[in-house]
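My request is simple: use the sequences and hints to build the entire structure.
The chain contents come next:
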Amino acid sequence: MIALEARALRAALGHGSQRHPVLHGIDLRLAAGRWTSIVGPNGAGKSTLLRALAGLLPHEGQVLLNGAVLAGSGGRARARQLAWLGQNEGGADDLTVYDVAMLGRLPHRGWLAPPGAADHAAVERALRATQAWDWRTRLLGQLSGGERQRVLLARALAVEAGVLLMDEPLSNLDPPHQADWLALARSLADAGSTVVSVLHEISPALQADEMVVLAAGRIVHQGACGDAATHEALAQVFDRRLRVRELDGQWVALTTQ
Amino acid sequence: MSGDRRGLVLALALLVSAAVLLLLGASVGSTGVESVFTAHRDAAAWQIVWDIRLPRTLGAWAAGALLGLAGAVAQGLFRNPLADPYLLGSASGAALAVSIALALFGASPYATQWLVRLGLTGAAFGGAVAGVLLTLVLANGVLHTLRLLLAGVIVGVVLGAARDLVTLAVPDILQAMQGFILGSTGFIGWSACGVMLGLLLPLLAVAWALGRMLDGLALGEATAASLGLPLGVMRAALIAVLGLSTGAAVAQTGLIAFVGLASPHLVRSIAPVPHGRLVVLAALMGGLLLMGADVMARWVVAPQELPVGVLTAVLGGTYLLWLMHRRSRRGGFA
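Protein sequences, first through last, are from chains A and B. Under numbering that gives the first Met the number 0, think of the first position of the first sequence as 0, with each following residue one higher. Under numbering that gives the first Met the number 0, think of the first position of the second sequence as 0, with each following residue one higher.
Treat the hints loosely; a few may be bogus.
[Unchecked claim] Stretches of chain B that chain A covers, calculated by requiring three or more beta carbons in the stretch to come under 8 Å of a beta carbon on chain A:
(1) 52 to 62
(2) 272 to 282
[Stated by the list, open to error] The following residues of chain A were derived to be distant from chain B, with all beta-carbon distances above 10 Å:
(3) R9
(4) N65
(5) E88
(6) G90
(7) L151
(8) R154
(9) P174
(10) H176
(11) C224
(12) A228
(13) R240
(14) W250
(15) V251
(16) Q256
Bear in mind the hints are in silico, worked out from the structure with no lab data behind them. If you're wondering where the values come from, they're calculated on a predicted model, not measured in any experiment. C-beta atoms are modelled at their ideal positions from N, C-alpha and C, and glycine is treated no differently.
So, in structure tokens, the structure goes:
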């Protein structure tokens with residue numbers, strides 16, 4: 000089953016005469032219950048693609064979420080099915096960690112309704128999953144960059160959507176917490192969620208099930224992370240200055256001079 | 000103490016302090032506290048306390064509360080700690096309208112008579128709302144925050160220049176305009192109190208109801224949109240709250256400086272709370288600040304009186320400097 004699909008997707012950034020096309024007709028099918036990494040050189044259009052897939056960017060072509068055209072679905076209905084974690088989500092310094100995670104329940108709650116038992120349970124699950132539960136009464140503004148990132152990830156997890164799109168989720172995380180995030184993404188996919196992550200570091204990206212290699216706004220390759228063709232596509236888009244090798248049963252990317 | 004409890008304690012403290020200041024405000028003036036003690040047997044003293052001091056003090060609270068509410072909404076909506084209620088052209092619109100009205104009515108001594116004041120009040124409110132609407136037209140709606148801010152700056156500059164032109168053409172209005180720009184609580188009567196309090200409650204209710212959405216917006220516009228928040232409707236409602244609350248306050252008191260900017264910051268520094276509670280607490284804080292400034296303005300050089308806007312500017316400016324110093328030590332103001 001296909002969870003998320005793009006057909007002839009085109010998008011541009013900027014305004015007026017400064018408008019610059021970034022995506023040039025992307026066709027993409029992302030299977031449900033799989034974890035897909037989107038990688039590519041700087042300026043390839045990775046974040047733009049993710050925003051377009053999330054319905055957060057005006058675009059030409061179509062995006063289909065669980066078979067239905069995304070543009071036609073209501074905001075809250077879409078938000079319950081698709082959660083998004085952006086790069087450098089900021090502000091909200093005066094909210095407690097718990098309140099920030101509870102924002103993830105907005106699509107599930109009535110206009111003025113207080114959070115219900117299901118909302119509290121979802122927030123607790125999300126904060127425990129990112130090991131942020133112990134700070135739930137602290138203010139977001141009192142946390143370090145890595146701690147904030149874990150809380151913001153919990154906010155996205157608290158939506159409990161079937162599709163989770165994350166843009167650079169590893170930014171600010173130290174190596175142990177990067178490993179925790181990788182394990183979390185794996186467990187989410189194993190539990191049936193569709194996880195799509197944009198990562199600029201290739202080694203973590205290779206832990207996913209599938210990889211979409213993007214360059215200059217076009218898909219160069221889509222395939223399993225362990226396929227030789229995927230590794231060749233990576234070497235190609237990074238000017239042959241990257242090689243993929245197996246180490247202790249995991250694929251790792253090595254940069255070369 | 001938890002954030003919820005601290006917020007509740009702050010709300011109670013602000014309400015009790017306001018009640019104390021209301022009593023103080025009824026006692027301070029050119030005839031001193033004697034008027035309060037003789038009011039029950041002296042008609043003139045009764046008039047001073049009931050018709051002048053009390054509505055003025057309560058009106059200062061209401062105007063401050065409207066500005067505090069507008070400041071909290073502006074800072075949440077534009078995700079900018081330096082946003083203030085006058086950001087979207089309301090101040091320049093009100094000032095231009097008042098300058099035109101003064102030029103048409105003629106300057107003092109008639110400018111201070113209550114009939115003319117009522118005319119100026121209407122002009123100031125209309126001008127403030129027109130300034131905000133002009134900003135919205137220039138920004139092509141409410142969808143783009145940056146475009147809104149830029150349009151607000153442009154409207155401020157252009158309408159400010161137009162006001163200067165009117166002042167230049169009719170120099171007699173200079174003194175009255177100065178009074179409007181410095182701000183004054185001296186002309187507030189019971190009817191003005193009624194108008195401001197009548198507007199404050201529904202505007203506060205709307206802002207409180209949208210507080211959860213302002214919290215979502217604090218994470219960024221894209222994240223707020225991904226959570227299914229109706230950003231267009233929400234912005235339009237919040238800008239209506241901002242424009243109406245600022246317009247109502249400016250119409251009765253002129254351009255009171257810094258109350259709208261400082262109130263939300265003061266609340267955050269004492270009790271960081273989500274936006275739903277912040278808008279209520281910022282209103283209570285704004286009310287207390289302007290009421291305190293009003294009492295001080297009458298008391299410091301009694302029986303003379305300082306323009307209340309000068310006091311709020313001095314106190315607010317000092318606070319802003321301290322805030323900038325504190326933020327820069329913590330690594331940036333943004």
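#### Entry: Numbered hints the structure breaks, given as an ascending list
As far as the earlier hints go, 1, 5, 6, 7, 8 are violated by this structure, in ascending order.
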